[in-house]
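Colleague: Listed below, chain by chain, are the residues.
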Amino acid sequence: MTLPLLALVKTRTVLLDGAMGTELMARGLAQGTAPEAWNVERPDVVKEIHREYFAAGADVVSTNSFGGSALKLAGHGLGDRTYELNLAAARLAREIAPAGRYVAGSMGPTGKFLKPQGEFTEEDFAAAYAEQARGLADGGADVLLIETQYDLREALTAVRGARSASSLPVFVTMTFNSFPRGFFTLMGDTVVRSAAELEKEGVGAVGANCTLNSEQMVGCVRALREATALPIIAQANAGQPVIGPDGRVGYSQGLEDYVRFVPEIVRSGAGFVGGCCGTNPAFIRAMARKLREESS
Amino acid sequence: MIKGDLFRSINEAIVAGDKGAAVALATEAVRSGVDLLEVIEKGYVPGLQKVGELWEQGDYFLPELISSAEAMKAAMGVLEPALDRNKIETWTGGKVVIGTVEGDIHDIGKNLVASMLQAGGFEVFDLGADVKLERFVEKAEAVGAGIICLSALLTTTMTNQRRLIGLLRDKGLRDKYKVLVGGAPASRKWADEIGADGYAENAVAAVKLARTMIGQG
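Protein sequences appear in the order of chains U and L. Residue 270 in this note's numbering sits at position 270 of the first sequence, and the numbers go up by one each step. Residue 1162 in this note's numbering sits at position 162 of the second sequence, and the numbers go up by one each step.
Take these hints with a grain of salt, some might be off.
As the list claims (entries may be wrong) - Calculated pairs, BS3-like style, for lysine-lysine (alpha carbon to alpha carbon, straight line, at most 30 Å):
(1) L:Lys1171 x L:Lys1132
(2) L:Lys1095 x U:Lys115
(3) L:Lys1132 x L:Lys1178
(4) U:Lys47 x U:Lys10
(5) L:Lys1050 x L:Lys1208
(6) U:Lys115 x L:Lys1073
(7) L:Lys1019 x U:Lys115
(8) L:Lys1050 x U:Lys115
(9) L:Lys1087 x L:Lys1073
(10) L:Lys1139 x L:Lys1176
(11) L:Lys1208 x L:Lys1139
(12) L:Lys1050 x L:Lys1019
(13) L:Lys1050 x L:Lys1189
(14) L:Lys1208 x U:Lys115
(15) L:Lys1042 x L:Lys1019
Honestly, the hints are just simulated from the structure, not real lab data.
Construct the complete structure from the given sequences, taking the supplied hints into account.
Modeller: Structure, rendered in structure tokens:
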């Protein structure tokens, strides 16, 4: 029987996957199209990407549902297909997941604000996330991964929404900026407060993703380690997007430089490591190698 | 209230993001007959500048920035009708058309820039997100804007910022507008490369940049 993820992470470092959106675009996803639509329209492409990440050594892949909350999909006119697209997202990953590997149901931010900065209530947000969680759970996700949250209030609301629809473990990653005084979200939430509130809400793991490069992530993981006893997730960006001499967009941190900091991220306390913007299966393969070197 | 105290109170109200106080002080200023342009320039504007500084050094975050911008806008709603016409022109920065480029539905950053520009005295025409490039040009032409601001969050959609400049060129309108670009993947280098007039890293910098563009920086 497969060990639950939270049990596995007590025995060794667990490898997550890397970016999805850029992989879809590399395979022809048009600008302005909701990536989640491809769970139904181009399922083979989505499966191929998951397969590549598993082949690279990922223990866990995240479903193609980052923008799959009902509110975010509504921006593409797909709000009423939330359940269907999330169900398909989880099924695709589940179908091709080898034995002993895992599927995390990705749940990104709504892109909207709660009152008073925005027009939405916590009930609106919870409902939008609940509908998504229901689809992901029914499609066979092992855990729900609420990701890239820039507002702790939204993250907490998402957790409650997910809980109302499913009994799966819920993981949360916040996205922090690095300031001289420490790490803060866009809304000014600190690492300490985020970890404490999420822990109180009963999440299975907390962490940081996006925004920070892998070097900055080391400091953020240290701050998280001091703040919580929960398993820690770290998924750094490969630096900042830059325009190459050929006019193509790349990321400032190359593969070698990125993976150089992986051992330190692990030693600083991360139990789950993976990539974010600018990473791809090659990064995950290199991270898998680093993790093997570390444990041998 | 003597003038120095009034300015100080206004300053504090904006820094605190206290909309009620900002409006009450504006009402008091109108009633007392002081020079309203001076009230704006010595009371409100320095308050907003202070907020920008606090934000840039990481003491303030988005909620504080929005509260202060809202307080500023509410106060201007009281002051502007009472200002005489030529003084309004001294204060206002002209018209700005802003939006997130087509193919991109991300609007948090764009909304913040729009809000800060408005608080900073610009008349802002916000076209929203996923805006067709032609719409930017049509709107700018229709309202007589001086500045077009383009936001993009995705590395794949930022190329539409370049396309808009091409579109203006094709229409023979390139020199008529200052085109400013922003968004996570944008940079000064990118702005230079695509021939934009400027790049701002954040909402506070965007207001400064826009002021510079109209010769008020």
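Colleague: Go through the numbered hints given earlier and state which of them the structure violates, listing their numbers in rising order.
Modeller: Every hint satisfied by this model.
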